[in-house]
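Please work from the sequences and hints to get the whole structure.
Chain residues, written in single-letter form:
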Amino acid sequence: MYSQGLQDAKGGQEPEGLLKAFQKRIDNEEKIEPRDWMPEAYRKTLIRQMSQHAHSEIVGQLPEGNWITRAPTLKRKMILLAKVQDEAGHGLYIYSATETLGISRDEMTRQLLSGEAKYSSIFNYPTPSWADMGAIGWLVDGAAIMNQVPLCRASYGPYARSMVRICKEESFHQRQGYDIMTVLARGSRAQKKMAQDALNRFWWPALMMFGPSDKDSTHSAQSMQWKIKRFSNDDLRQKFIDATVPQAEHLGLTIPDKDLKWNEERGHYDFGEIDWQEFIQVIKGNGPCNKQRLAARQKAHDEGEWVRKAAEIYQQNQQDTV
Amino acid sequence: MKKAIKHYLLRLADSSLTQSQRLAEWCGHGPFLEEDIALTNVALDLLGHAKLFYEQAAEISEQDVSADDLAFLRDVDQFRNPILTELPRGDFAYTTLKQYFFDQFNVLLYAELMNSQYQPLAEIAEKALKESRYHLTRSRDWCLRLSLSTAEAKQKIQSALDDLYFYTPELFETDDQLKQLLADNVMPDMQALKQQWQQQVDQLLQQCQLQAPTSGWLATGGLRGEHSEYLGYMLADMQFLQRAYPGCEW
Ligand SMILES: [Fe+2]
Ligand SMILES: [Fe+2]
Numbered sequence: 001m002y003s004q005g006l007q008d009a010k011g012g013q014e015p016e017g018l019l020k021a022f023q024k025r026i027d028n029e030e031k032i033e034p035r036d037w038m039p040e041a042y043r044k045t046l047i048r049q050m051s052q053h054a055h056s057e058i059v060g061q062l063p064e065g066n067w068i069t070r071a072p073t074l075k076r077k078m079i080l081l082a083k084v085q086d087e088a089g090h091g092l093y094i095y096s097a098t099e100t101l102g103i104s105r106d107e108m109t110r111q112l113l114s115g116e117a118k119y120s121s122i123f124n125y126p127t128p129s130w131a132d133m134g135a136i137g138w139l140v141d142g143a144a145i146m147n148q149v150p151l152c153r154a155s156y157g158p159y160a161r162s163m164v165r166i167c168k169e170e171s172f173h174q175r176q177g178y179d180i181m182t183v184l185a186r187g188s189r190a191q192k193k194m195a196q197d198a199l200n201r202f203w204w205p206a207l208m209m210f211g212p213s214d215k216d217s218t219h220s221a222q223s224m225q226w227k228i229k230r231f232s233n234d235d236l237r238q239k240f241i242d243a244t245v246p247q248a249e250h251l252g253l254t255i256p257d258k259d260l261k262w263n264e265e266r267g268h269y270d271f272g273e274i275d276w277q278e279f280i281q282v283i284k285g286n287g288p289c290n291k292q293r294l295a296a297r298q299k300a301h302d303e304g305e306w307v308r309k310a311a312e313i314y315q316q317n318q319q320d321t322v
Numbered sequence: 001m002k003k004a005i006k007h008y009l010l011r012l013a014d015s016s017l018t019q020s021q022r023l024a025e026w027c028g029h030g031p032f033l034e035e036d037i038a039l040t041n042v043a044l045d046l047l048g049h050a051k052l053f054y055e056q057a058a059e060i061s062e063q064d065v066s067a068d069d070l071a072f073l074r075d076v077d078q079f080r081n082p083i084l085t086e087l088p089r090g091d092f093a094y095t096t097l098k099q100y101f102f103d104q105f106n107v108l109l110y111a112e113l114m115n116s117q118y119q120p121l122a123e124i125a126e127k128a129l130k131e132s133r134y135h136l137t138r139s140r141d142w143c144l145r146l147s148l149s150t151a152e153a154k155q156k157i158q159s160a161l162d163d164l165y166f167y168t169p170e171l172f173e174t175d176d177q178l179k180q181l182l183a184d185n186v187m188p189d190m191q192a193l194k195q196q197w198q199q200q201v202d203q204l205l206q207q208c209q210l211q212a213p214t215s216g217w218l219a220t221g222g223l224r225g226e227h228s229e230y231l232g233y234m235l236a237d238m239q240f241l242q243r244a245y246p247g248c249e250w
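Line by line, the protein sequences give chains X and V.
Residue numbers 1 to 322, in my numbering, belong to the letters of the first sequence in order.
Residue numbers 1 to 250, in my numbering, belong to the letters of the second sequence in order.
Hints in this document: simulated from the structure, not taken from any laboratory.
Quick reminder that beta carbons are idealized off the backbone N, C-alpha and C, glycines included.
Among the hints, erroneous ones may be present.
[Said to hold, decoys possible] No more than 20 Å apart at the CA atoms, straight line, and that leaves these computed lysine to aspartate or glutamate pairs for EDC-like:
(1) K75(X) - D68(V)
(2) K154(V) - D302(X)
(3) K309(X) - E35(V)
(4) K299(X) - E35(V)
(5) K193(X) - D214(X)
(6) K299(X) - D91(V)
(7) K309(X) - E62(V)
(8) K193(X) - E249(V)
(9) K75(X) - D237(V)
(10) K75(X) - E152(V)
(11) K154(V) - E303(X)
(12) K154(V) - E305(X)
(13) K75(X) - D91(V)
(14) K75(X) - D69(V)
(15) K179(V) - D202(V)
(16) K75(X) - E59(V)
(17) K299(X) - E152(V)
(18) K154(V) - D179(X)
(19) K309(X) - E273(X)
(20) K75(X) - E249(V)
(21) K299(X) - E34(V)
(22) K75(X) - E131(V)
(23) K299(X) - E25(V)
(24) K309(X) - D64(V)
[Claimed, not checked] If you only want the chain V side, here are some residues facing chain X, beta carbon under 8 Å, derived:
(25) Q21
(26) I37
(27) T40
(28) D45
(29) A192
(30) F240
(31) Q242
Structure below.
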């Protein structure tokens, strides 16, 4: 899944010459690699953004994992299982890429479980219906693609490379989600209702995935200058809406926004006001499933403790006997 | 003969499906990320095997049924898996040992089934064997890791062994239809298979310094559709959508 743009970046006291040379490399589209000199604020911003991104992949396993045992056919079960497994793989690549910045996976896990680190707000919404598997693939992975395709050109080499690999899988995720929606939308009346209901619940939270509006987003400028970010939150959101509205029409589903209208002059869809209060509450921990999601991660972590310990001791014993 | 083959295909399909269903419960909840992914891999492979067996069973079925109908529209008394595979996922030691017993069984079984006179079964077995060998390596390694590391892990896997051991003889159970298939060289002799299996298991338990329990309830009945209380809940969960919205495409 993806990152939500909450990074802050305060410049430290670093030699002017190094800073200038660094910016010049960025301007020349050179990739920054782990051993290269980089400003502390750049490193911090990346650690924050990348670990948020990795956490989102991991917590993102949960809402869909909710339907693995109940998927309606063998084929759907296989696809869903593979998809949720892909998300774990994404988490793994991004954690590894983040470790190159000098933070351990254990420390990142600690930050996630203590609530210090954030993850995408979207995963704090419940998935009470099978159609949510369709809506998530279509909208959430769809929004993730919008966010992540530009990240394939991010200035930090390990991040950019992990995104290239991940984006390929995300487009498969989006297609399978849209496919679920297509079958439901053409199915029985109950199925169609299920699909519409999922769209109603996931539409606005999906739009919030792009982060705060540009006028409230304080850290974007620096990230743009560092080429960690290439498009503003609002631009990406607009792009997502423009791409998604025709898809909803094709499904015969209605997007739950009465202000949604094609604007000939702008060449874009106009859309209604996002409920930013809701967004802030969910980010703060007061979404419908924040507690359950973190509790599930904590439980897996606690119950896995003795297994990790056993694996570690066994490996040590093996090395001692060699 | 067709009827007996279908009966056996369902035995194989139901075993892999129920085992996969339990493993899949770990997805997103594994003890660490790499293992979360690995457990899901095994679940996916087993689901793939189940699908192949169901498809073949559907193909030779007298009624017009699909693989999905067989998986999602039969009730407990029509499932043919041994009780072992429907047991709850338990903790990681329980899952690991259950998986080892099942993998060791499948590797020996599929190696034999590759020579089945029933060609479709031989073909599926060949494919399934490759993946099962990999599963077996993994579950064996984990048995060793858990047994020869910390006291806590050792205690947990010993306790899993105490609980699971007497569910294993059921893997080799046969009935009149299966005996007919043995006579027709469709499937191997389960008693011979059991000996090989026992030898492998004894060897590993010894390496792991684990003690098999000496008595317990000897599980039986899955092949006849007589199951534990767990299967009904598994099916209620797994079959929910197909039951609540009959006749739909998904
Ligand atoms: Fe992802
Ligand atoms: Fe995805």
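Earlier hints that do not hold, by number:
Violated hints: 5, 7, 10, 13, 15, 18, 19, 24, 28 and 29; rest satisfied.
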